[in-house]
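Student: One-letter residues, chain by chain:
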Amino acid sequence: MLIEVKSLVKSYGDIHAVKGINFTVTKGSLFSFLGTNGAGKSTTISMLTTLLKPTSGTATIGGYDVLKNPDAVRNLIGIVFQDSVMDEILTVEENLFVRGSFYGLKGLNLKHAVKHVIALTKANGFSKQRYGTLSGGQRRRADIARALIHTPEILFLDEPTTGLDPKTRQDVWTLIRNLQKEKGMTIFLTTHYMEEAAESDEIVVIHKGEIRAQGTPEELKEQYCTDLLKITTTTGKREIYNISKTTDALPILDKKREQIAHVEIISGTLDDVFLNLTEGFENEHAH
Amino acid sequence: MNMLIKRHLLLFFRDKGNVFFSMLAVIIVIMLYIIFLADLMADAIVGEIPHASAADIRLVISGLVLSGTVAVATVSSCLSGMTRIIIDREEKAKDFFSSPIPRSTLMFSYVISSGIIGFIMSGLALITTVIYLSISGGNFPTLENLILLIFTLFLGVLSANSMMFLLTCFIKSRNAFGSLGSIIGTLIGFLTGVYIPIGQLPNGVAWIVRLFPTSHTASMFRQLLASPVLNDLGAPTELVTELNYFFGITFRFGSFTTNFLFSTLLLLGTSMGCYMTGLSLMRKRTLE
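Heads up: the sequence lines are chains F and V, in that order. Sequential numbering from 1 applies to the first sequence in the working numbering. Sequential numbering from 1 applies to the second sequence in the working numbering.
Since the hints were made in silico from the structure, they are not lab data. A quick note: this is a predicted structure, and the numbers were derived from the prediction, not measured. Check each hint, because a few of them may be wrong.
[Claimed, not checked] Taking lysine-lysine pairs in the DSBU-like style, the calculated list, with each CA pair at most 35 Å apart, reads:
#: 1; chain 1: F; residue 1: LYS128; chain 2: F; residue 2: LYS167
#: 2; chain 1: F; residue 1: LYS167; chain 2: F; residue 2: LYS181
#: 3; chain 1: V; residue 1: LYS6; chain 2: F; residue 2: LYS106
#: 4; chain 1: F; residue 1: LYS115; chain 2: V; residue 2: LYS16
#: 5; chain 1: V; residue 1: LYS92; chain 2: F; residue 2: LYS128
#: 6; chain 1: F; residue 1: LYS167; chain 2: F; residue 2: LYS6
#: 7; chain 1: V; residue 1: LYS16; chain 2: F; residue 2: LYS183
#: 8; chain 1: V; residue 1: LYS94; chain 2: F; residue 2: LYS208
#: 9; chain 1: V; residue 1: LYS16; chain 2: F; residue 2: LYS53
#: 10; chain 1: V; residue 1: LYS92; chain 2: F; residue 2: LYS255
[To be verified] Per label pair, the in silico range of CB-to-CB distance:
#: 11; chain 1: V; residue 1: ARG252; chain 2: F; residue 2: THR133; range: 45 to 51 Å
#: 12; chain 1: V; residue 1: ALA176; chain 2: F; residue 2: LYS115; range: 39 to 45 Å
#: 13; chain 1: F; residue 1: LYS115; chain 2: V; residue 2: SER179; range: 41 to 47 Å
The beta carbon of each residue, even a glycine, is placed where N, CA and C say it ideally should be.
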C-alpha cells in the first residue's frame, strides 16, 4: 500500500472536519476521492500533503509518517492544486527551474528534469511563454509538469479539470491516464465530474468528515443505486419501476408481455451513487 | 537558494509598476525639493553667511536634500522588496510548504533578495545624486569619500532591510502591508528630517528623528556630500557647528555629538537586533 490512513482526525475546537477516517491507496492505481464542498476532502488532502497537522490518527505515504517524516513524504508526492501556484510573469521554464531547486536539483540534473517534464506533458510549444499568458489547458499542463519535476511516486490532483472546456478536459485527462498506465504513477484524484471518477480503480466517498462508501465504481453502482425500467403500454400509459439490477426487469417484462409498446432501461450512474450517498445522509440527519 | 533569489529579483524587476512605486517616496521628495524645499532651506543660510555665493549655498542644500533622498530610498526600496514575502504567503504557501525546501532557506532568500533590490535601487539614487552634484558645480568625491559613500549605502540598506523585515513579520495580509507602505512612504521623509530640517522641528519630534536609524544613514551621507562644500563657505566654526545640528549633518544627544563612527555602530546594532528578532519570530511561525 502506498498510502495508509488510520483513524485520521482533524478538529478545529468543536468543529470536526475529519472524523477518524481509514483508507488505503494501492501503488499504481487511480484513486478517486469524492465529496461535496465542505465534506472534508481538502482537509484530508492537506494532511496527506503535510500542509496540515492531524489532530490524531496516522497517515503514511510510502511508509513515511506525514507528521514525523514530512520531508521524506514531500519528496514522494507531486501536487496539482486547484488554483494556479506558478508565477505569472515568469515563463513556464523559469517556473520549473525554481520549483525544481526546492527538491535539491541543481545544475545539469535540474536542466534534465525540466526538459524531461516539459516533454512528458507536451509543453514544448509554450515552455518559453510566460505562465500568465497561457490558456487554461496549457496552464494545467504546466501545473502537472511542476508537480512531476522531482519524479514523485504519487500525483495528487485536486479537481484538475474544473473550469476547462470539454476538449481541454479530455486532453488533460488523457495525459493523466497515460501517466498512470505508462509510467505506473499512482494518481490520487478529487473531482466533481463523475464520468472521470468512473474510470478509477477505487473510489472513496467522504461526507461530513466520515467515509460513506468505498469500492470500485461497479461495486458502488451495484450497492448504492437502482436502475429504472420504463414501459410504455399499447394504450399509451407510461409505467416506471425501480429495479436493483438489470436482470430484475425480466419477470416484469414477462408479466406485461402483451401490453408493451416500448421498453427502456436506464442504468444507475455514479452521479446517482454520489447523490444517494450524500443527499440521503443529509435527509437522515434532518430527521 | 540562488534560484529562489533569482526568482524574487525577476519578479520585482519585471514588474515596471512595482519598480516605479518603490521609488515613489523618493520622487515625491525630489518634486517637493524642486517646488519649494530648496528655497525654504536656502533662506536659513543666506542671512547667516552673507558673503557666500548663491551657487555654493544651492550646492550645500542640494547635497543635504539628496543625501536624505538616498536614505529614504534605502527604506522604500527594501520595503518593496519585502512585499514578496507577503504575496507568497498568500498565494504560494501551499506550493512551497508541500516541498522539502527548508523554511530557513526560504526566509534567507527573501531577506537577501530584498537587500539586493534595496542596494540596486538606492545605489541608482546615489549615482544620480553624485552625478547631479558634480555637474551643478560641485567636486566629484575623492576616492576615499567614494569608498565611504558605498560603505554608507551598504550599511543604510543593511539596516533599512532589517527594519522592514522585522515589520513584515508582524503583517499578515497584503492589504495591511499596502497600508503600512503608504504610512511609511508618508512618514519616512519626516522621520529622516528630509522634508523639514531637524532644527525646525519641535523638540519631541526632533528626538524621534535623532533615534530613527535611517536618519543616521542620511547624516552619514550629508557628512560626505554636503559637508565638504559647507566647510568651504568660509563661515565661522561655531556657525558651521550650528548648521550641522540644524540640518541633521550630525545629531546632539545632550553634550555628545554624533559622528561617522557612532552612526556606523548604531546602524550595525539596529541591523543585528532587527534580523535576530525577525528570524526568531519567523521561526516560531512555521506550520499552522
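Student: Hint by hint, note whether the structure agrees.
Tutor: A quick look at each hint next to the structure:
1. F:LYS128 to F:LYS167: Roughly 24 Å separates the two Cα atoms, so the pair holds.
2. F:LYS167 to F:LYS181: Since the Cα atoms of LYS167 (chain F) and LYS181 (chain F) sit roughly 21 Å apart, the hinted pair holds (cutoff 35 Å).
3. V:LYS6 to F:LYS106: holds (14 Å)
4. F:LYS115 to V:LYS16: holds (30 Å)
5. V:LYS92 to F:LYS128: Holds, at about 21 Å.
6. F:LYS167 to F:LYS6: violated (39 Å)
7. V:LYS16 to F:LYS183: violated (43 Å)
8. V:LYS94 to F:LYS208: With a Cα-Cα distance of about 24 Å, the restraint between LYS94 (chain V) and LYS208 (chain F) holds, given a limit of 35 Å.
9. V:LYS16 to F:LYS53: violated (40 Å)
10. V:LYS92 to F:LYS255: With Cα atoms ~65 Å apart, LYS92 (chain V) and LYS255 (chain F) exceed 35 Å; violated.
11. V:ARG252 to F:THR133: 45 to 51 Å: With a Cβ separation near 58 Å, ARG252 (chain V) and THR133 (chain F) fall outside 45 to 51 Å, so the hint is violated.
12. V:ALA176 to F:LYS115: 39 to 45 Å: About 41 Å separates the Cβ atoms of ALA176 (chain V) and LYS115 (chain F), which means 39 to 45 Å holds.
13. F:LYS115 to V:SER179: 41 to 47 Å: holds (44 Å)
Checked against the numbered hints above, the structure violates hints 6, 7, 9, 10, 11; every other hint is satisfied.
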